[in-house]
Amino acid sequence: MTHETPKQGWLARLFNPPRGSAPYLFLMPYIVLFLVFGLFPLLFSIYLSFHIWNPIKGLDSMEYTGFENYVLAWGDPVLWKALYNTVWLAITSGLAQHLVAIPTACVLVALGSRLRHWLTSAYFLPYVTSTVAVSLVFFSMYSPNTGIINKLLIALSESDLFGWAFSWVPDVMPLRWLEDTFLVKPAVAFLVFWKYTGFNIVLYTTGLMTIPRDLYEAARVDGASAFRRFWHISLPLLRPFIFFAVTLTIIGNLQLFEEPFILTRGTGGVGHSAETISMYLFRIGWEYLDMGVASAISWMLFILIGILTAIHFKLFGRQGLGEH
Amino acid sequence: MSRVQYKNIRKSFGDTEVVRDFSMTIEDGEFMVLLGESGCGKSTLLRILAGLETQTSGDIYIGERCVNGLDAKDRNLAMVFQSYALYPHMTVYENIAFALKMKKLPRTEIDEKVQWAAKMLKLDTLLDRKPKALSGGQRQRVAMGRAMVRTPEVFLFDEPLSNLDAKLRTEMRHEIKSLHRKLGTTTIYVTHDQVEAMTLADRIVIMNKGVISQVGTPEEVFHHPANLFVAQFIGSPAMNIFDGVLTRQAGNQWVIESGGSTLPLPPRFHAQATETLAVKVGIRPSDIHVLEGASHAEHLHPVDFKVEDQELLGAAINLTLHTGDVTLLAEAPGDMKFAPGTAQRAWLNLDALHVFDARTGETLSGRNTAAAA
Numbered sequence: 333m334t335h336e337t338p339k340q341g342w343l344a345r346l347f348n349p350p351r352g353s354a355p356y357l358f359l360m361p362y363i364v365l366f367l368v369f370g371l372f373p374l375l376f377s378i379y380l381s382f383h384i385w386n387p388i389k390g391l392d393s394m395e396y397t398g399f400e401n402y403v404l405a406w407g408d409p410v411l412w413k414a415l416y417n418t419v420w421l422a423i424t425s426g427l428a429q430h431l432v433a434i435p436t437a438c439v440l441v442a443l444g445s446r447l448r449h450w451l452t453s454a455y456f457l458p459y460v461t462s463t464v465a466v467s468l469v470f471f472s473m474y475s476p477n478t479g480i481i482n483k484l485l486i487a488l489s490e491s492d493l494f495g496w497a498f499s500w501v502p503d504v505m506p507l508r509w510l511e512d513t514f515l516v517k518p519a520v521a522f523l524v525f526w527k528y529t530g531f532n533i534v535l536y537t538t539g540l541m542t543i544p545r546d547l548y549e550a551a552r553v554d555g556a557s558a559f560r561r562f563w564h565i566s567l568p569l570l571r572p573f574i575f576f577a578v579t580l581t582i583i584g585n586l587q588l589f590e591e592p593f594i595l596t597r598g599t600g601g602v603g604h605s606a607e608t609i610s611m612y613l614f615r616i617g618w619e620y621l622d623m624g625v626a627s628a629i630s631w632m633l634f635i636l637i638g639i640l641t642a643i644h645f646k647l648f649g650r651q652g653l654g655e656h
Numbered sequence: 041m042s043r044v045q046y047k048n049i050r051k052s053f054g055d056t057e058v059v060r061d062f063s064m065t066i067e068d069g070e071f072m073v074l075l076g077e078s079g080c081g082k083s084t085l086l087r088i089l090a091g092l093e094t095q096t097s098g099d100i101y102i103g104e105r106c107v108n109g110l111d112a113k114d115r116n117l118a119m120v121f122q123s124y125a126l127y128p129h130m131t132v133y134e135n136i137a138f139a140l141k142m143k144k145l146p147r148t149e150i151d152e153k154v155q156w157a158a159k160m161l162k163l164d165t166l167l168d169r170k171p172k173a174l175s176g177g178q179r180q181r182v183a184m185g186r187a188m189v190r191t192p193e194v195f196l197f198d199e200p201l202s203n204l205d206a207k208l209r210t211e212m213r214h215e216i217k218s219l220h221r222k223l224g225t226t227t228i229y230v231t232h233d234q235v236e237a238m239t240l241a242d243r244i245v246i247m248n249k250g251v252i253s254q255v256g257t258p259e260e261v262f263h264h265p266a267n268l269f270v271a272q273f274i275g276s277p278a279m280n281i282f283d284g285v286l287t288r289q290a291g292n293q294w295v296i297e298s299g300g301s302t303l304p305l306p307p308r309f310h311a312q313a314t315e316t317l318a319v320k321v322g323i324r325p326s327d328i329h330v331l332e333g334a335s336h337a338e339h340l341h342p343v344d345f346k347v348e349d350q351e352l353l354g355a356a357i358n359l360t361l362h363t364g365d366v367t368l369l370a371e372a373p374g375d376m377k378f379a380p381g382t383a384q385r386a387w388l389n390l391d392a393l394h395v396f397d398a399r400t401g402e403t404l405s406g407r408n409t410a411a412a413a
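Residue numbers (our numbering), protein chains in the order written: chain A, 333 to 656; chain B, 41 to 413.
FYI, nobody ran anything at the bench for these hints, they're computed from the structure.
Note that the coordinates shown come from a computational prediction; the quantities given were computed from them, not determined experimentally.
Don't take each hint at face value.
[Stated by the list, open to error] Partial list, derived from the structure: chain A residues whose beta carbon lies under 7 Å from chain B:
(1) PRO355
(2) GLU549
(3) ARG552
[To be verified] DEER-style ranges, computed between Cβ atoms:
(4) THR239/B <-> THR641/A: 53 to 59 Å
(5) PHE366/A <-> PHE53/B: 51 to 57 Å
(6) THR94/B <-> VAL460/A: 38 to 44 Å
(7) PHE648/A <-> PHE53/B: 38 to 44 Å
(8) PRO146/B <-> LYS413/A: 50 to 56 Å
(9) GLU104/B <-> LEU457/A: 53 to 59 Å
(10) LEU457/A <-> PHE53/B: 32 to 38 Å
(11) LEU457/A <-> LYS249/B: 46 to 52 Å
(12) PHE648/A <-> LEU353/B: 55 to 61 Å
Just so it is clear, CB atoms sit at the ideal spot from N, CA and C, and this is done for glycine as well.
Bound-form chain A, shown alone (with noise of 0.2 Å):
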């Protein structure tokens, strides 16, 4: 250095920064979260799936285990009960909210603008509404002796109209919708289903609108009856919006917690039988305060996420992201 630089104190230096950083400065705020809130959980998280870790005694307390979290949650039967669980409950809710969302959409789009603008804002209230608000509602409509569903099937064994098909009501009551192993995926399942189906809709409302009408007009010159123009030109145009959708609905139904964590009121049901791997972890970690097999299981959900997607993208990535 030949020339002498002035010297400065740091004030003067943070505000004649040097040349080129303004935008990094700029981003500071964001940069500085992210990696406070956002990257060192992250690879916090790694660093504890590696280690044995009781939050409440201390950092101190922390011990380096080599994989043995992932062999003791691997060779836990709970885990694989979760896993299950999460799986029927994604696929069952999952396919049927698609295959409900999109012909409700077709339908809309058919009803014209004012009608379709009605419906999809009441289909998609129960995306925006609180999911311990409506999971509440719901826990009370499950209940077994004052709950609205079982007195419906109550009601309707009691018509005339419909008593001969709900006949076998009697003999099975009180359906206890949340207690029964049998009844309480199905029930979850249906309030998963009843959520996020809304949002299919609006989604696939906007894609349809996205298909410019002389298509379906040249397809009716063609000779194609409606449910043929919804098969071969409705159909194969949404297929960038269902495997967008569907994708989303891999990643947000793996990780259920919400609806099945308060429908059993944080028990995941008799016997394990509506425990998800989300609310398996969270009981891992906040109620035996093991944190290092918590997050082992944690980036084994990551991983199994990633598989699912990446095998969703394999099968179904080229057509569903446009490439024609």
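Here the structure of chain A is known, so what remains is to put chain B in place on it, guided by the hints.
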């Protein structure tokens, strides 16, 4: 192939009536062009025939069959859309085969027909491509192929060339014409382009605000426009129109007085001249001659003008001439020279003069009855 009949068709969208009492027969094998400005109801008429819109009242016949209320898919028509409306997720082959597949024809027959159409339209090397990978002209051809393989009773074209550039448009125009010659299918073609209408049509229907202004062969509508609207709509550059008064002079001679000059009334209007009448006089720029050569012919009437402006177009010059309060456009050969502000004598071809009742806009000579100019 079939005859198409519109009988007293009306169509309203809400309070707006776009088609008013339209009746028309399109003969078997005829190439009929519906011509008019946008919003005149021509596309609506096509869509009503296709079954994509429902008429408010009136009947549609295809052949002997009344198709009111029959769904588009059951009408056995083929339509080419302005946007082509190709199915983007299907290959050219699948696009052309779609209608046949809907008919559940055997695979070999479908293949035969697709190959036939592809060959005819020079698409045979493109059958595996998706529409995205085609040029505008090729897409247009696929749309036509899709219509052809159907062997429909009627072809419908809804402004099929308006998305193409000028050169391609000319090319496709020829192809459509030769296709019609080969297939002989009844064709209804909607356009706002008079050149397309003049070159393609057996007969032209000129529409104005939901009603028919004139129906006739291209020659008829060009040489004998039934009213002012048709006179001004057909022809480029547009026909000159100026005000005049039909007056009787001494010796039972009828003349048109306009802007200080007097034009003798051509003989073919004599029968209609019974009273003094405010008229609109029309003459095409090509019927005003500035060359001296033909000046002795009896039907050429000399008028002295002042040259206002000239536009060289290459082969021709568009000359703006002025006299009294009348300004006219004349077509002069491109090799002549004119100086703005100078005097210029020009001869009006009285045989090609059009006289319209100023109040109704209808021609004085009666529809399509005048002697050829």
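Hint numbers not upheld by this structure, sorted from lowest to highest: 1
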